[in-house]
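Asks: Residues per chain are reported as follows:
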Amino acid sequence: MMLFEIERLTYRYEGVTAVDDLTLAIPEGCRVALLGANGSGKSTLLRLLDGLIFGQSGTILFRGDDVSEQHMLDDEWALPFRRTVGMVFQNPDVQLFNPTVFDEVAFGPLQLRWPKDQIRERVDEILDRLRISQLKNRIPQRLSGGEKKRVALASVLVLDPAVLLLDEPTAALDPRSQSEVIDLMVEWGGSKSVITATHDLGDLEDIADRCYVLDGGKLVAEGTPAEILADTALLRRTNLIHAHRHKRGEEVHTHSQR
Amino acid sequence: MSDFHPNAKGGFIENTLEGLHFAIERALYAEVSASRAGVLQRLDPRVKVAGLFALVVSVALAAKLWTIAAILVLAVALVWLSSVPIRAVASRTWIGAFVFSGMIALPALFLTPGTPLYGLPITLQGVRTGSFLVMRAETAATLMLVLAYTTPWTHILKALRIFRVPVVFVVILGMTCRYILLMLETAHEMFESRKSRTVNRMSPAENRRLAIASSGVLLHKTIQMSDEVYFAMQARGFRGEVYVLDDFAMQTRDWFALAAFAALAAASVLVGR
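Residue numbers (my numbering), protein chains in the order written: chain A, 5 to 262; chain B, 185 to 457.
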């Protein structure tokens, strides 16, 4: 069975077509990367998959059910969906709005009406697993960028969702934090479905089994990470690589656009 | 606390940054204060919400100035007993409430017919009317500040829902609280970035232009950010209801406090008629 089936989906806002007549299918248990430069429509697609916004035309099916506004208004459909599909936003600041880290991580389970003892136990467990127990009583707004990202991840992973949508999970992180977040995703992933929107090619093979390349809201290519990475013409055309020069001390080398 | 000198005299950008920085500190302070050990912090949130609102209503109904003054004294005592610094209350509530209510009350001093006071163009009745307005505003604001500084925001929201306050109203309150900090931080970043690109002091006209342009940009960002925050809440299952981890359980002291609040509110209405 397919996890998500997207059929001729179009989403426009303020006169801009963010997703343009998109058709693709994401299999169950697969780690998928939505690749694209800024403005290619990958973040919008994640919001559409999470039922936060709805396309003007086309459909999205989640395990055969329509991800529609009507379904989202129905608690009986929406609550299990929220329990199953977790989303980590690109900007952790929008995701951190509770007075303490503990409250932040407990927010999701509380909304889904888990028993309170189970929530306390689970929150402690996930904070420990993400090695942020020491932040438990801190105010989220006062954390560093890397810490905020971990808390944002914890706030979603606490629900143990079967499907995880990640919007630029390593954006604006230092190299060490980036590597830690990637390790966490790999460790957590296992047999679960992870859909990551990214333009970072460096970790592609670690985070994805399958890639979809978006450009101007359209699907322009799909394949395994190795296939996509090998297609330099495609990467260049979609602004995922460009000519650049590295200089470290006396050593200079150039990647050309040829 | 702040890296900025509270009395630093800078240009428009510096002063705005300083103001935003203090506003962020204040926004964060309420939660810190609510977790302190104090008399009101130990009470059930429902008792505080019901009791303090009852006192606000009694202040609105009181027709004698001394009964309002007595409730203000009680509110100040509660501030002190709850380990909330009096200075914070003075700077954050009393000055603001005095200025705003004073401006509204000012015309009453001159326009209310009655006995002239010490040969001045104001009347005794005008002073009395103005005093009522200012005292009511000061007392009500102090009572609400005590509530905000001694009760976690989520507990206040849950208590409001228990008292059947419509969900739309509670959601708007909750969103406002969640969003205000983000907006302050966004504004802070905007002005910091402006400061980094400003070499000389700007003229008053340039300051005004910057203020207007920044307000427009901030409004746009505000709308965008509020959507994002709401999406992030929805994505984690938010359906409009308020849930908190702590169970509210009335203890003996809560019943005593509730009775005390009710008695005080009733007494001030009866005596102050």
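Quick caveat, the hints were computed from the structure, so don't treat them as lab data. Honestly, I wouldn't trust all of these hints.
Claimed, not checked - Chain B is faced by these chain A residues, among others (derived, beta-carbon under 8 Å):
(1) Val98
(2) Pro103
(3) Leu239
Glycine included, each C-beta is placed from N, C-alpha and C at the ideal position.
Asks: Run every hint past the structure and note whether it holds.
Replies: Hint by hint, here is what the structure shows:
1. About 4 Å separates the beta-carbon of Val98 (chain A) from the nearest beta-carbon of chain B, less than 8 Å, and the hint is met.
2. With its C-beta approaching chain B no nearer than about 4 Å, Pro103 (chain A) sits inside the 8 Å limit, and its interface hint holds.
3. Because the smallest distance between the Cβ of Leu239 (chain A) and any Cβ of chain B comes to about 29 Å, over 8 Å, the interface hint for this residue is violated.
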